[in-house]
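Engineer: Work out the full structure, taking the sequences as your base and the hints as a guide.
In order, the protein sequence lines correspond to chains A and B. Position 198, counted from 1, in the first sequence is what my numbering calls 190; the numbers after and before it change by one each time, with no gaps. Position 221, counted from 1, in the second sequence is what my numbering calls 213; the numbers after and before it change by one each time, with no gaps.
If you are wondering where the hints come from, they were derived from the structure by calculation, not from laboratory data. Using N, Cα and C, we set each Cβ at its ideal position, and we do this for glycine too. Be aware that one or more of the hints could be misleading.
[Said to hold, decoys possible] Selected chain A positions facing chain B (Cβ under 10 Å, derived; list incomplete):
1) Leu113
2) Gly114
3) Arg212
[To be verified] Chain B is faced by these chain A residues, among others (derived, beta-carbon under 7 Å):
4) Ser70
5) Val72
6) Gln94
7) Thr98
8) Leu197
9) Pro198
10) Leu205
11) Arg227
12) Phe228
Chain by chain, the residues:
Number of protein chains: 2
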Amino acid sequence: MSGPGAFERATSVAPRSPGWYDAYLAEGWDIVGNTNGGYLLSIVANAMVHATGRPDPISVTAHYLAPAGAGEASVEVSLVREGRRFSSARGALSSEGTQRLQVLGTFGDLDRAPAAPELVLGTPPELPEPEKCLRIEPGEGFPPPFTRQVEMRLHPDDARFLEGARSGTPTIRGWLRLPDGEPVGTLALLTLLDSFPPTVFNVDLPIAWTPTLELTAHVRARPVPGWLAGEFRTRFVSGGFLEVDGELWDPSGRLVAQSRQLALVPRGDG
Amino acid sequence: MSGPGAFERATSVAPRSPGWYDAYLAEGWDIVGNTNGGYLLSIVANAMVHATGRPDPISVTAHYLAPAGAGEASVEVSLVREGRRFSSARGALSSEGTQRLQVLGTFGDLDRAPAAPELVLGTPPELPEPEKCLRIEPGEGFPPPFTRQVEMRLHPDDARFLEGARSGTPTIRGWLRLPDGEPVGTLALLTLLDSFPPTVFNVDLPIAWTPTLELTAHVRARPVPGWLAGEFRTRFVSGGFLEVDGELWDPSGRLVAQSRQLALVPRGDG
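Structural biologist: Written out as structure tokens, the structure is:
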């Protein structure tokens, strides 16, 4: 690969004045017209990386205020704390005069983490080799154009919804990477954490669309190159909300990121 | 009980000017001098409830910038979106001229949730009756004064650290409620989600103190009166960080809140 990859180009930000960045929400990163929320978060986080001078999002939370189409956007970033190891900042992305998301995040440098005790009780999901998993590719309407931007291979047990069936368990496991060998840095992890189809596609609920209210991502490590293994689970569809808990593991078997999002369950009658 | 309870008094805020509130970080809500993070979040969320006119925090995230002692504080709230069902706002609490935490939250009215499909795959933790669990009461230094503000009864299997032993599993289960029969509203849930001792007290790691970088709480329902059952688990101590995932269940068997926090693992040598 030569030059910046598609993800790097689509998430680039240009400083305009102190605290302000120009961005462009690229065409083809949408699900039925709504730009993917993880991708929007990657753009804001990129501006926050620039403003804080820290390369890695450690913990970032986005609240989604309004769906966004493709087009010009601006990102405002305000530093709220500069510490020895971490800096915290607020960010907001607007397009066509409307705020689309607000972000609060703490940034650091994962290469500079001091040695600390470790205890890992989880394991990567058990997945067939990528070539034995199901490729999601954009179709007419479904799967949406966004699926061209992130290469995904779903565990066959979790991909039955592609044929109109359901596994019965609100879980999606599979492989993810950026196309054309583009390296996955910690900003791209934020997009990959929001790339798989909804977990509830696999259960018999009258739910087609689950708009995300809020997404929080924790990044633990920079991934080594290769397919990332992802596992996304929902345990509670209740009170009109559902959560999706995600984990991404790199080819070395290391947990690189966790996420939880809160999505809205549209009412049962439609 | 007559008049406001201790929690309600300790988390009260007084509007000072548009977007600004006076608050007081009460004495005795600290762990070795540092005011409890869940309690700080309840105060900021209370100001956000006032500013948004919505009674319930649906999803709130706090980033902790500096420890806070007891004393006067001010809270600034900026509305970022007013929608039909939800409003989103930013909040920040300062004391002695220093910002202590930043908050981003979406608020609504849980009584007005439209009927929607439900699917609940988790269950409340299995706990002995409260009188057969271990009471945590403040001692000299440990347990800290904060344990006077929230009544807690720990599962005996998870309370061995009180006698210097360890269960081997980074889990804490038990009962929680406010003292003196004070009702637990959705603001109090934010404090209860950060009340139990650290999960890592139960594993053999050289970790004594785990400062919280970030705490996110999702509130699903208003609890009915009585003891709440809580379960807090850590699965990944890695990269210098650990997460704590929490659930609170009310006496009707309903999940009322979920939380995840990211805490810092102090380096192994100290």
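Engineer: Determine for every hint whether it applies to the structure shown.
Structural biologist: Against the structure, the hints:
Taking 10 Å as the C-beta cut-off, the interface hint given for Leu113/A holds, the closest approach to chain B being about 4 Å. With its C-beta approaching chain B no nearer than about 5 Å, Gly114/A sits inside the 10 Å limit, and its interface hint holds. For Arg212/A, the interface hint holds, since its Cβ comes within 10 Å of a Cβ in chain B; the closest pair sits about 4 Å apart. Hint status for Ser70/A: violated, given a least beta-carbon distance of 10 Å to chain B, over 7 Å.
The beta carbon of Val72/A is positioned within 7 Å of a beta carbon in chain B (closest approach about 5 Å), and the interface hint is therefore held. For Gln94/A, the interface hint holds, the least distance from its beta-carbon to any beta-carbon of chain B being 5 Å, beneath 7 Å. Annotation: Thr98/A was flagged as interfacial toward chain B, and the flag holds, the nearest CB pair being 6 Å apart, inside 7 Å. Checking Leu197/A against chain B: minimum C-beta separation of about 4 Å stays under 7 Å; hint holds.
A least Cβ separation of about 6 Å between Pro198/A and chain B falls short of the 7 Å threshold, and the interface hint therefore holds. A least Cβ separation of about 6 Å between Leu205/A and chain B falls short of the 7 Å threshold, and the interface hint therefore holds. With a least beta-carbon distance of about 4 Å to chain B, the hint placing Arg227/A at the interface is held under the 7 Å criterion. Checking Phe228/A against chain B by beta carbon gives a least distance of about 6 Å; that is within 7 Å, so the hint holds.
Hint 4 alone, counting from the list given before, is not met by this structure.
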